[in-house]
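Trainee: These are the residues of each chain, in order.
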Amino acid sequence: MRTLFKNINVEIKNLISRKARSFLTILGIIIGVAGVIVIISLGAGAQALVLGQITKLGTNIIGILPGKSDETGPPAAVFGVQIKTLVEADVEAIRNKTRVPHAIDIVSVVRGNVTITFGDQSIDTTFTATDGSYVRVQNVEMDRGVFFSDEEGRAAANVIVLGYDVADQLFPNGGELGQIVKLKNNSNSFGSIPFRIIGVQEKLGTVAFQNQDDQVFIPFKIGQRQILGIDYVQFVRIRTDTPENVKTTIIDIEGVLREQHRIKNVADDDFAVRDLADAIKILTNITDALRMFLGLMAGISLIVGGIGIMNIMLVTVSERTREIGLRKALGATSYKIRNQFLLEAVILTGVGGIFGIIIGIMISYLIALGARYAGYDWSFVISPIAIILAVFVSSLTGIIFGLFPAMKAAKLNPIDALRYE
Amino acid sequence: MLIELKNITKEYDNGGVVTKVLKGISLSVEEGEFLAIMGPSGSGKSTLMHIIGFLDRATNGTYLFDNENIKDFNDDELAYIRNERIGFVFQSFNLLARTSVLDNVILPLTYSKKKDHINLATKALEAVGLGNRLSFLSNQISGGQKQRVAIARALVCDPKVIFADEPTGNLDSKSGNTVMNILGRLNSEGRTIILVTHDRNVAEHANRIITIKDGEIISDEHNSNPRKSQMIEDDQDIELK
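Protein chains in written order, with this note's numbering: chain A, 1 to 421; chain B, 1 to 241.
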């Protein structure tokens with residue numbers, strides 16, 4: 001044990017006497033290890049961000065979109081095509097408890113752009129017209145006031161819930177509850193409709209590049225008929241009693257809708273019923289591909305680091321071979337030379353590995369901080385497997401390319417090693 | 001008899017072309033001798049010394065060191081002999097670069113079982129007049145000082161024989177004289193010195209001179225009046241930079 005410490009001491013002295021070489025080797029390992037950690041952390045963080053936003057909505061949510069779609073691709077409505085086949089009669093049929101027993105909350109939704117005016121202030125925003133149960137389906141949290149009730153929704157009462165930023169812009173000094181604002185759709189000739197403010201939604205920030213605080217909520221019927229002037233439903237969201245009943249409920253809904261639309265053949269469906277599991281599956285596929293791509297980049301950074309280590313080791317082979325010749329001439333056995341070079345490689349890769357881990361984690365953390373500052377719910381993920389793999393691979397490169405030429409040189413006659421060019 | 005060579009040959013095979021460097025050398029060296037091996041370049045004198053000094057192996061022939069046949073030694077045993085029983089001084093010094101004088105001299109001790117490395121190395125450096133240069137780096141001292149460090153390194157494990165391969169070859173005459181003087185003193189203290197040189201003036205420090213030409217010994221003469229250079233004092237530094 002004492003000799004080991006002594007050897008380590010001597011070896012550190014040796015390494016310090018060859019600053020440039022030691023530094024470049026360590027740098028190679030740092031690049032490899034830190035690169036892998038940062039890239040893997042980025043991939044995992046991005047995946048967690050995307051999937052987290054989906055699962056936050058709850059895993060017992062079902063969406064119905066008008067228009068046919070195949071299993072894996074997105075429905076046509078996603079591309080902005082307005083399909084008018086989903087109507088309120090369909091939603092009423094789904095509300096039938098005997099047909100769809102596990103559906104607890106069923107909300108119809110239409111969305112559009114609108115100008116909201118208070119006094120001489122007006123701003124453009126988007127509105128969501130829906131039912132009172134929306135608050136439970138989408139986990140809406142209120143900053144102040146209340147969301148409209150099921151009754152208010154059905155009665156098409158002139159009440160409105162503001163997004164946080166909308167409230168902030170129209171009422172910078174607060175006091176908006178009970179005030180009357182006017183909503184007008186600029187793309188048709190309908191007049192302005194007055195609404196009484198009953199609540200302000202909690203601040204949500206930006207999700208999927210959309211500012212969730214720049215919107216308002218109004219009862220479904222008013223939004224559909226009096227603002228958009230349409231008689232169809234853009235999409236329906238349903239909450240089931242338990243996540244386990246999602247699949248049976250989808251089958252129930254599909255049965256009801258086929259009956260409503262007089263569809264005999266599944267292939268002729270003019271609607272798509274999806275649950276979040278499907279969405280998560282699609283997104284997981286996409287983000288997994290992203291992560292694999294990033295993993296590939298991490299691999300490249302490992303190779304870059306490895307080539308750096310390899311180069312510096314090979315460049316110094318002749319100098320080191322002469323050194324080995326000298327050490328042998330002074331009485332070193334091959335065994336001692338191997339130990340010396342192994343110790344050297346272990347120290348270099350160890351120091352490089354530790355710094356690589358520290359720097360990699362620091363950069364990942366800074367990226368997470370930056371992403372959070374930019375408003376993303378970014379989680380700081382560090383993969384221990386990635387760290388172990390990166391340290392293992394770069395250490396192995398260092399040890400192989402440090403040790404292999406040394407072992408070869410140690411087998412030479414001392415004089416041949418001394419005279420090596 | 002300390003060293004006994006019988007019909008030693010050395011051949012190099014360069015892609016089918018066999019070069020005979022040593023053509024049957026027989027030689028005996030007694031303990032305490034100061035032997036100079038002379039010869040023009042390419043004569044095989046260095047090869048001969050590398051074989052005697054365990055840095056290379058002969059192609060054929062017998063080599064008895066202290067009455068033991070070195071054919072029976074494995075690589076580790078040869079390493080032990082190089083470490084404990086002989087010391088080597090090279091023409092090009094072969095010090096570890098960017099390493100202190102003291103650490104250079106400690107280097108052979110790290111491969112030995114000896115303890116108290118710093119003390120032994122310091123004593124060896126004092127013996128060559130470099131007691132005041134311990135912490136200097138090997139690239140901060142002059143050529144003559146480097147060679148004296150190399151002698152201290154050869155000396156530090158207290159060997160029976162010191163081999164010197166053109167030890168003055170890279171030095172000016174003043175530094176060369178100092179180095180030869182130290183070797184002469186080590187010989188008078190009872191150590192066997194084997195020296196390779198092409199320079200008659202250097203060879204005349206020895207009390208026996210053999211001459212090699214084309215891989216064969218052509219003369220073996222006793223030098224009854226070895227040359228002496230001026231003595232140096234331990235703390236006197238002749239070749240300050």
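Treat the hints with care, since some could be wrong.
[Said to hold, decoys possible] Residues from chain B shown here face chain A by an in silico Cβ test under 10 Å; the list is partial:
hint, residue
1, D56
2, T59
3, G61
4, T62
5, F90
6, L95
7, R98
8, S100
9, L134
Source of the hints: derived by calculation from the structure; they are not laboratory data. In this text, a Cβ means the ideal position worked out from N, Cα and C, and glycines have one as well.
Trainee: Any CB of chain A closer than 10 Å to the CB of F90(B)?
Mentor: This hint holds: F90(B) lies near chain A, its Cβ roughly 8 Å from the closest one there, short of 10 Å.
Trainee: Hint validation: L95(B) versus chain A, beta carbon distance must be below 10 Å. Holds or violated?
Mentor: Hint holds; L95(B) Cβ to chain A Cβ min 9 Å, cut 10 Å.
Trainee: Holds or violated: the hint that G61(B) contacts chain A, with Cβ atoms closer than 10 Å.
Mentor: violated, 16 Å
Trainee: Can the hint on T62(B) be confirmed by a CB-to-CB distance to chain A that is less than 10 Å?
Mentor: Violated, about 19 Å.
Trainee: Is the shortest C-beta separation between L134(B) and chain A less than 10 Å?
Mentor: Given a least distance of 15 Å, the restraint on L134(B) is violated.
Trainee: Under the criterion of a CB-CB separation shorter than 10 Å, is D56(B) in contact with chain A as hinted?
Mentor: With a closest approach of 5 Å, the D56(B) hint holds.
Trainee: Under the criterion of a CB-CB separation shorter than 10 Å, is R98(B) in contact with chain A as hinted?
Mentor: OK, holds: R98(B) within 10 Å of chain A, min 4 Å.
Trainee: With a cut-off of 10 Å, does the beta carbon of S100(B) approach a beta carbon of chain A closely enough for the hint to hold?
Mentor: holds, 9 Å
Trainee: Please verify that hint: T59(B), Cβ, nearest Cβ of chain A, below 10 Å or not.
Mentor: violated, 12 Å
The structure fails to meet hints 2, 3, 4 and 9 from the earlier list, while all remaining hints are met.
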